[in-house]
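J.: Since chain V is already given, all that's left is putting chain U on it; use the hints.
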Amino acid sequence: MYDWLLFFHVAAAFALVSAIVVFSVVSIAGWRADRPSTAVSLFRLSKVATPLVIAGSLLTLILGIWLAIYLDAYQVWDGWILASLAIWAIAQWSGKQSGRDYTRAQQLATRLVDEGKDEPSAELRSLLQSRHGLMLQLITYAAVLAILVLMVYKPGA
Amino acid sequence: MTTAAIRPDDWNFPLLLHVLGAMVLVGGLVAVVSGLVIAWRRDEAQTLLTRLAFRTLLFVVLPSYLLMRITAQWVASREKLDDADLAWISIGYIVTDAGAVILLLSLILGYLGVRRARSEGGGGRGLFRALTVLSSILLVALLVAMWAMTTKPI
Numbered sequence: 001m002y003d004w005l006l007f008f009h010v011a012a013a014f015a016l017v018s019a020i021v022v023f024s025v026v027s028i029a030g031w032r033a034d035r036p037s038t039a040v041s042l043f044r045l046s047k048v049a050t051p052l053v054i055a056g057s058l059l060t061l062i063l064g065i066w067l068a069i070y071l072d073a074y075q076v077w078d079g080w081i082l083a084s085l086a087i088w089a090i091a092q093w094s095g096k097q098s099g100r101d102y103t104r105a106q107q108l109a110t111r112l113v114d115e116g117k118d119e120p121s122a123e124l125r126s127l128l129q130s131r132h133g134l135m136l137q138l139i140t141y142a143a144v145l146a147i148l149v150l151m152v153y154k155p156g157a
Numbered sequence: 158m159t160t161a162a163i164r165p166d167d168w169n170f171p172l173l174l175h176v177l178g179a180m181v182l183v184g185g186l187v188a189v190v191s192g193l194v195i196a197w198r199r200d201e202a203q204t205l206l207t208r209l210a211f212r213t214l215l216f217v218v219l220p221s222y223l224l225m226r227i228t229a230q231w232v233a234s235r236e237k238l239d240d241a242d243l244a245w246i247s248i249g250y251i252v253t254d255a256g257a258v259i260l261l262l263s264l265i266l267g268y269l270g271v272r273r274a275r276s277e278g279g280g281g282r283g284l285f286r287a288l289t290v291l292s293s294i295l296l297v298a299l300l301v302a303m304w305a306m307t308t309k310p311i
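Residue numbers (the working numbering), protein chains in the order written: chain V, 1 to 157; chain U, 158 to 311.
Okay, chain V solo, but in the shape it has when bound:
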C-alpha cells in the first residue's frame, strides 16, 4: 500500500512538473512570436499541459496528505509538511495568475486568426512578453522547487 501511494504521489508530482515544463516551452517560444497564427500553433501545446497541471496539483496534495496520515514517522502537522502545503497554495495561486495572462494572449491570437488578420500584432506581442506573467512563472518555479527540497530533506522529521 505504501509503495503504491508513494508511486502515485511521485507520478502526480512528475505530471505537475511536466505541465510546468510544457508551459515554459510555450512561453519561451512565444516570447519572440508576434503573428497570431504562430501563437495559436504554440498554444495548442498548452492544451496538453492543462489536464496534467490539474491532475498533478490535486493528486500530489491528496496523496501527500494520505501518506502523512498512513506513515507513523510523519504527521500532517509536521513543520515541513505544513510548509509544503502553504507553498503548494502559493504555487497554485501564481500558476493560475500567470495562466490568466497567457489565456488572454491565446484568446486574442485566436480572435485575430478567425478574423483573417495574421499580420504582426503589437498587442499580442506585449501579452506574450508580459513581465507580470514572467514574474508569476518564476514564483511558481521557486515554489515547486522549494516543495521538492522539503520533500527530499524533510527538515525536522
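Calculated from the structure, these hints are not laboratory results.
Ideal placement from N, C-alpha and C gives every residue a C-beta, glycine not left out.
Please note: incorrect hints may appear among the correct ones.
[What the hints assert, rightly or not] What the simulated footprint calls covered on chain U by chain V, stretch by stretch (three residues with Cβ under 8 Å from a Cβ of chain V suffice, anywhere in the stretch; the number is not a length):
1. 190–197
2. 204–210
[What the hints assert, rightly or not] Every beta carbon over 10 Å from chain U, so not counted as near; a handful from chain V, in silico:
3. 14
4. 41
5. 44
6. 54
7. 55
8. 94
9. 96
10. 108
11. 114
12. 123
13. 130
[As the list claims (entries may be wrong)] Each pair of labels, with its calculated beta carbon distance range:
14. 111(V) with 166(U): 50 to 56 Å
15. 55(V) with 240(U): 34 to 40 Å
16. 300(U) with 62(V): 19 to 25 Å
17. 111(V) with 167(U): 54 to 60 Å
18. 107(V) with 243(U): 50 to 56 Å
19. 58(V) with 300(U): 17 to 23 Å
T.: Then chain U, alone, in the frame of chain V:
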C-alpha cells in the same frame, strides 16, 4: 500503518538533483512528444512545432538527462549500491543506458528532420514520425524506471 525509511542527510543533495533532473527530463519529453503529435496532425503548425520539439530535445531533454544520470551514479556511490544486484537498480541502469542511445538517435533524427524541412519546405515528415516513436518509447521507459525507483521491487 507503516514506517518510512529515513536516509542519511548526505544523500539528500544528489537525490534532489536526481529527482529534479528526472522530472524536467519527463516534462521535456512530454513537450517533445506532444509537439510532434500535434505537428503530425496539423500541417500549418508542422514547421514551427517540429523545430520547437528538436530545440526542446536539445536544450531541455539532453541537459536534464545528463543531470539525472550523473546524479544517479552519485547517489548510488553514496548509498554503496554501485554493484548491488537489485532489480530496481538494474531497471534504472537499463532504462537510462538504453535511453542514452535512444536520445542520441532522436537528436540525430531531429537535426536531419529540421535540416530537411528547411531545405525542402515541409519535408522530413518520416524523420519526425520516427522521432515521435523514439521519444514516446523513451518516455514510457522512464515512467517504468520511475515506478521501479519508487516501489523498489527487490
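J.: Which of the numbered hints are not met once you compare them with the structure shown?
T.: 3, 4 and 5
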